[in-house]
Amino acid sequence: MADIELVPRRIRAGVYEAILVARTGAPPKVEVFHLERSLPGVTVTPVAERPDHWELRVPIPAELLSQGVQTFLVHDGEGQKLGAFTIVVGEPLEDDIRAELDLLRAELDMLKRAFRRHCLETAQTASR
Numbered sequence: 001m002a003d004i005e006l007v008p009r010r011i012r013a014g015v016y017e018a019i020l021v022a023r024t025g026a027p028p029k030v031e032v033f034h035l036e037r038s039l040p041g042v043t044v045t046p047v048a049e050r051p052d053h054w055e056l057r058v059p060i061p062a063e064l065l066s067q068g069v070q071t072f073l074v075h076d077g078e079g080q081k082l083g084a085f086t087i088v089v090g091e092p093l094e095d096d097i098r099a100e101l102d103l104l105r106a107e108l109d110m111l112k113r114a115f116r117r118h119c120l121e122t123a124q125t126a127s128r
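Position one of the sequence shown corresponds to residue 1 (my numbering), numbered consecutively onward.
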């Protein structure tokens, strides 16, 4: 089923929604995995007046949502990856991003000082 395209739409009320474009004529077979475990309740229904378009709905079990980053993989019936979606929960990620931003600022300041020093040294060498 290499002729399947996954077009993500949204996560609403605990359900991931996407559109599958499949030029096979038959409903595409899709599985969604979290930590190598297949999720139950995945549905694929035809989209009215849009041939070869199918609506994918994946209820996200509440027990899978915990602190940190949770990644869900969408595969076709042959095990080929069609796409993925990620849910981020909690504040630790915010702290990680701030720490990374502080580190980048410090590195940028160091590079600016080194560049200025290089420019001064080059100017002094050129004037001799």
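Honestly, I wouldn't trust all of these hints.
[As the list claims (entries may be wrong)] Estimated spans, in silico, between C-beta atoms of each pair: (1) T45 to G14: 14 to 20 Å; (2) R116 to T86: 39 to 45 Å; (3) R37 to V88: 18 to 24 Å; (4) Q70 to L104: 33 to 39 Å; (5) T43 to F115: 55 to 61 Å.
Since the hints were derived computationally from the structure, they do not count as laboratory data.
For glycine and all other residues, C-beta sits at the position ideal for the given N, C-alpha and C.
(request) Hints the structure violates: just list their numbers, smallest first. (result) When the structure is compared with the hints, only number 4 turns out to be violated.
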